[in-house]
Structures are given as C-alpha cells and as structure tokens.
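Now for the letters of each chain:
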Amino acid sequence: MTLTHLNQRGEAHMVDVADKPESRREATASGQITMQPATLALLAEGSLPKGDVLATARIAGIQAAKRTHELIPLCHALPLSKVSVDFRLDEANSRVEVSATCRLNGRTGVEMEALTAVSVACLTLYDMCKAVDKDMEIGAIRLEAKSGGRSGDYRRDAGGAVAPPEAPIVTGEGAAGEVSVGLRCDLESPCVRVKCLAELRESLGVSELSVALDDLPTADVGGLKAALIERDPRFSRLSEGRVLCAVNQVMAVDATPITDDDEVAFFPPVTGG
Amino acid sequence: MIRVQQASFDAGEEQRALLAGRTDIGAVVSFTGLVRDFNERPEVIALTLEHYPGMTEAALGEIVSEAERRWSLQGVSVIHRVGRLAPGDPIVLVVVASEHRRQAFEACDFIMDYLKTRAPFWKKEHSASGDYWVAERESDQRDASRWER
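Protein chains in written order, with full-length UniProt numbering: chain A, 1 to 273; chain B, 1 to 149.
What the hints contain is simulated information worked out from the structure, not anything from laboratory work. You may find that some hints are simply not true.
What the hints assert, rightly or not - For each label pair, taking beta carbons as the anchor points, the in silico distance ranges come out as:
hint, chain 1, residue 1, chain 2, residue 2, range
1, B, G21, A, E97, 19 to 27 Å
2, B, S72, A, G46, 41 to 49 Å
3, B, F105, A, L71, 41 to 49 Å
4, A, R155, B, S129, 45 to 53 Å
Even for Gly, the Cβ is constructed at its ideal location relative to N, Cα and C.
Take the sequences, apply the hints, and build the full model.
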C-alpha cells in the first residue's frame, strides 16, 4: 500500500489522472451534530432565529462539495454530476444525522467531496443554531461507501473492502466453465485479468485468465488482443466481427490504455431486455 | 431504483412503491417485457440470462441518468431478471413517472431501447431443437439510434 499523494521523494504532489480511464464514481459520507433536545425541537419546528436551518445546511453542503478542490490542497476540481445532502432528526439521541452522496463519471474518486459536504453541512447547522445552543458537538464524520475506480469498492458496514460481487449467471445447458468476477491477478508480476463472457466464453472455452503486462506489445486493449492471439490463435476471434470490450467495466476500444490489475472483459453484442 | 435479480417481480407493486406518498406525479408509464415461446426458432422451452455483475448496474444507472437529463422525470424504476426463465415469465420492468404523459412515454421507450443495446445481458434460448445464443438484432440498433442527436 502506498500513499498516492506522495511522490518518490516523499513530497506532496497532485496525482496525474490524464491516462486513467473514466468510470462512474460514487461516494457517500455521514456525520452528526449533537445538541440540546430543546434546540432539536426548535430546529424541527423551524422556529430558530436564522430561519430554515436544514434547507440552508443542504445548500451549504452542496456548494462545499463543488468547491472541495479549493479547500483540500491536492484534490482535483471535479465536474460532479450529482450531489445530494440529507438529514435525519434523531430525537432519541438528540442529534441531526447528515449524509451526503456525490457522483461523477471521471477519473478520480469523490469521497473527499462527500466528506466535505457533510463537514460543511454540519458547520452550517452549528452556525444556524448557535444563538440558542453553544454546546453542540460535531462528530463521527466518516466515509460510508464508495464505488468505482481502481482501489475497488468500499463499504463501512462490510468491514472495509466489499466482498467480490456474485458470479454472473452462467448458462445451464452447454455451460463451458464458470466466470468469477473481482479476483486478483494470479501472476506475481503486474498483469491484467481477462474475462470472456456469454457466447464468447463458450466458443473459446475460456472464462478467465491473467496476462502479464510485460507480454503486451502496447499497453492498451489492442496490445492485449495481440498478446492473446500470440498465445492462442483462436483469440483472433477478438479482432473479428462484433466483439465488444470493457476495461474496469467501462466500454473500451483498441486504443484504451491498460494498467496493472485492470479487469478487461470481452463479450458479444448484448441481447437483454 | 435499479435492481438485477433472479426473483420475479410484481409490476403493480413496483408502480405503487414508486408513487407512494407522491402527489406531484401526473403520469406513470410501466413496461414489462415477457419471455415468448417463439423467437429465432419455434418452441422455446426456456431461456437463460447471463450478465456482467457490476457493469450491469452501472450501465443501467447511466441509461437512467441519461433519461433524467433528457426528460423531466419524477421517478424511475428498472428491474431486470437473470437466470433461467420460462415462457410467460416477466424479464424486465421499466416504470417511469413524470408530471406529464409525453415525458413518461418517451423516457420509458428510450430506456428500453438503450437497455437492449447497451446493458450487458445475454440471452441463451433452450428450444426443442437445441440451445443457441440469441443474436443481436439490427432493428434494436435502429430503434436505439432514433434517440441520437
């Protein structure tokens, strides 16, 4: 495990994400602010001196998520596609629970944006209520879940990394092998995990294999196809007709770059619905 | 709400769930796709749907987000089944709620067209004369291209 924000000399730097493939990223964070029961009651009634507390805190959280890069030094400016901030009044524990979800299709994660949204929403709640209660306490600001990107999915209640998703449904009659998703490379050196799905899996008789990154003439999908054909001529199927490709579960083309531990899937045109 | 599941679903129940407690919705369109007993060959006994977990949900999410960008929608539910299904079984459900009917009709049509050409599902049909993977249809591509701009 390495800290990506430190370069080889241990200095802080901004990670270059230009070559990372875009994928759908989503993160949810939560936090809470504990207050006097009387303050919570005033908040619920909407009779605090500064007006509609929750609506103001929601807008503050959304604005904060959009401006995270101005606050956190090495964060990229991100075109977020969605920010939502929600509140739950917990009367039993006399507190407001705050949660925020951010989403985008892009090259970097959005957990900092979700955490910033929660933090600023909590601060705004404090500001809106401080006239009647100075003992309020903000706490438990934390990441609940994130999805997308190379570091994989995370869910707090699952105790860290999410278990690999269930295997795809493999056809009953005439099934030739099973597919498992989310396994690590079985090679020591940097490698990519290749999967063949549906008709392609059955006709090639291959469900998955690992290919060393060093075996690729070029570090992209085209290079991977060439390396596979070199290994077994039957893989020439991958370059013929309508075979589609996804890198890390995002549709890809021959020029799409591949890096260590990527998941590359080949499959025929889709026929759902 | 997007779900990929082996279990069946009740279209009425899903529609009620989408509308529960809402009074700002003026129209709801619901589409259910069913398994036919004939397709590329007659006498289809069953079909098995395979998918690509993870990417499937992401692709459906992307299609719904695109529909929400193009039309003003109050709610969308998509359920797609996987595994072995028999003729008459429901495969897919799309429920779209909007203020006005035109938006709901068009968005539902759009979601189905894109789902059939972009979501990673594959059908294998088991017929009296053997098993075969269903081929893509040009008409599906043509239907989806109607929405390009």
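**Message:** Check the structure against each numbered hint from earlier and tell me which ones fail, lowest number first.
**Reply:** 2
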